[in-house]
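A.B. asks: Spelled out from the first residue to the last, the chains are:
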Amino acid sequence: MSANFYFGVEVFLNGLMAGVMYSLVALGFVLIFKASGIFNYAQGVMALFAALTLVGFQNGQIPFAHLINAIFGTDLHHFGWHMPAFLAILCALGVMILFAFLVERYILKHLVNQEPIILFMATIGLAYFMEGFGDLMWGSDIKKLDVGIPQGGNIWLEENTAFLGGEDFYGFYLDNLDIWATVLAAILVTSLVLFSQYTKTGRALRAVADDHQAALSVGISLRSIWVIVWSIAGFVALVAGIMWGSKSGVQFSLSLIALKALPVLMLGGFTSIPGAIIGGLIIGVGEKMFEFLIGAPFLGGATENWFAYMLALLFLVFRPQGLFGEKIIERV
Amino acid sequence: MNAIDSYLTPDGRTIGAPVMEMKNITLRFGGVVAIKDISFDIREGEIRAIIGPNGAGKSSMLNVMNGFYHPQEGEVHFRGEKRGPMRPHQIAHQGIARTFQNIALFKGMSTLDNIMTGRLTHMKTGMLSQIKWWGAAQREETANRELVEKIIDFLEIQTIRKTPVGRLPYGLQKRVELGRALAAEPKLLLLDEPMAGMNVEEKEDMSRFILDVNDEFGTTIALIEHDMGVVMDIADRVVVMDYGKKIGDGTPEEVRTNQDVIDAYLGVAHD
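Residue numbers (the working numbering), protein chains in the order written: chain A, 942 to 1273; chain B, 4 to 274.
Chain A on its own, in the form it takes in the complex (with noise of 0.2 angstroms):
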């Protein structure tokens, strides 16, 4: 085999681990929508909001500390402690839950059987409210993540795979960063799935995403999974936070990947977590591998930039309701 075989299978790889970090953030949007319908335009800036607190306790930053010195002149920045990475966590994910609490509190109760769009324009608003919120509790400078997951080239893996080409290939090269990020997806989806399918309030969050009112009529509080709903997809977003923001830092742009989400969700359809997953997967291994075969060769490179967004036209055109979603027949 030529080493462009084995670096060819090197894209392919190096293609699934970044669908995976794209399935994190979609995922958000799946199980938002499915249990109430709502497509959740917040869901990257969730996941900023996310990795910012999650920086902002591991530092110790005294939240709000810009605006309390412009008020009152003060000159505050730091408690001074440096948090454990997991306690961080585990604070950062207290937030999400109360935010969660919040928004239903204070948008969807007020929003019940409103039209799908104005639930929309609704998580808009609330998409930039948190941005400048996040920017006036945590400051909007760029900050780096680090909680302790391993980073750069895995070199055991490249030296033990460095036998199968000739002098010209050196080994399959893997980042540390996205082996984890798989693995913690997988199991994230494992026991999400297992949730929904196994447990009561599983039941009921499928329940709810399938029909409202008779939800109600066998005792479900809408408000209450709701909430649940949203926890959980402050959870993903902040799982998608963590990784993205190591990778590159957390800024205003992690925002951002909720752009490549919606490819994503039309190739998988709206309505499917395994449609999230294996819609990432396909656009994460579809951009590299077109890049690698045909962008770079013949295209003059950097297709991955629309490569996504061109497949999900051509899902548009020929399946609109994406690989897995549900079709959606209106009886006249």
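If you are wondering where the hints come from, they were derived from the structure by calculation, not from laboratory data. Any given hint could turn out to be false.
Cut-off 27 angstroms, straight-line C-alpha distance, at most; resulting in silico cross-link-like pairs (BS3-like, lysine-lysine) [what the hints assert, rightly or not]:
1. A/K1085 with A/K1188
2. B/K85 with B/K26
3. B/K110 with A/K1050
4. A/K1084 with A/K1188
5. B/K39 with B/K110
6. B/K127 with A/K1050
Output of the computed footprint for chain B on chain A, the stretches with three or more beta carbons under 8 angstroms from beta carbons of chain B [what the hints assert, rightly or not]:
7. 1064 to 1073
8. 1140 to 1147
Here the structure is a predicted model, which means the values were calculated and not measured. The C-beta atom is built at its ideal place from N, Cα and C for all residues, glycine as well.
Add chain B to chain A, keeping to what the hints say.
C.D. replies: Structure of chain B alone, referenced to chain A:
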């Protein structure tokens, strides 16, 4: 009715004290009066029907009973107590289950899972204790599962236990929906047009199930129906509504000979 605590049906069942009393219920949507000053009661162990032409306000009445609508005037008494402002899911926990005119099942879930959701009001274990599979949550699931299997046997739907209900034919979906309501072991079962859109055979099946439910589990049932013939056969007492008003109340024989009812069904001009 009056102060009598119980009465005997022609077939010899004893009907007890009122389970639910509707007192002077008025429901308006903006300027439209859907229900106007209606009172009646539903007694323990009886099959109570609400009939009336299209748009008479029957479904609105059922929605008031299970809390989807809140009447502007009047009181609902359930098991002797006046009901305060409650949400539909809280009312479900009080022991009122219902079915819907346009079947409202959880389409992606299996027959078994659908009927299991009916048990939710009887499940006590919290969110966190479910994380561990074993122990309380597991025992609870098994116990509930037994009752659900009984209901499945009772409704003769064993063969479709694992089928996603979205794929079932209409008549069977109606039966699954009845099963889900039964699983709640309700104190009061509300059926919204249980026989709508069914053929003669399916109607007969459904009538039999309703009678059997009442007979075997002693469930109090209130049902809305279009089909006069079926109602007269299975109901103990009938409320007749027309244009949001009550125009008749009594046994099927009494209602059948009531001139107002005959007029409403034959379409005599209103003044």
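A.B. asks: Are there three or more residues in the region 1140 to 1147 of chain A whose C-beta lies within less than 8 angstroms of some C-beta in chain B?
C.D. replies: holds (count 6)
A.B. asks: Are the Cα atoms of B/K39 and B/K110 separated by 27 angstroms or less?
C.D. replies: Answer violated: B/K39 to B/K110 is near 36 angstroms, above 27 angstroms.
A.B. asks: Measure nothing beyond the straight line between the CA atoms of B/K110 and A/K1050; if it is 27 angstroms or shorter, mark the hint as holding.
C.D. replies: Holds - the C-alpha atoms of A/K1050 and B/K110 are around 25 angstroms apart, at most 27 angstroms.
A.B. asks: Just to be careful, I want the Cα atoms of A/K1085 and A/K1188 compared with a cutoff of 27 angstroms; is the pair within it?
C.D. replies: holds, 9 angstroms
A.B. asks: Under the criterion that the straight-line Cα-Cα distance not exceed 27 angstroms, is the pair B/K85, B/K26 satisfied?
C.D. replies: Holds, at about 10 angstroms.
A.B. asks: For the region 1064 to 1073 of chain A, count the residues whose Cβ lies under 8 angstroms from any Cβ of chain B; is that count three or more?
C.D. replies: violated (count 0)
A.B. asks: Holds or violated: B/K127 and A/K1050, Cα atoms, limit 27 angstroms.
C.D. replies: Since the Cα atoms of B/K127 and A/K1050 sit roughly 25 angstroms apart, the hinted pair holds (cutoff 27 angstroms).
A.B. asks: Taking 27 angstroms as the top limit, are the C-alpha atoms of A/K1084 and A/K1188 close enough?
C.D. replies: holds, 12 angstroms
Going down the numbered hints, you'll see the structure goes against 5, 7, while the others check out.
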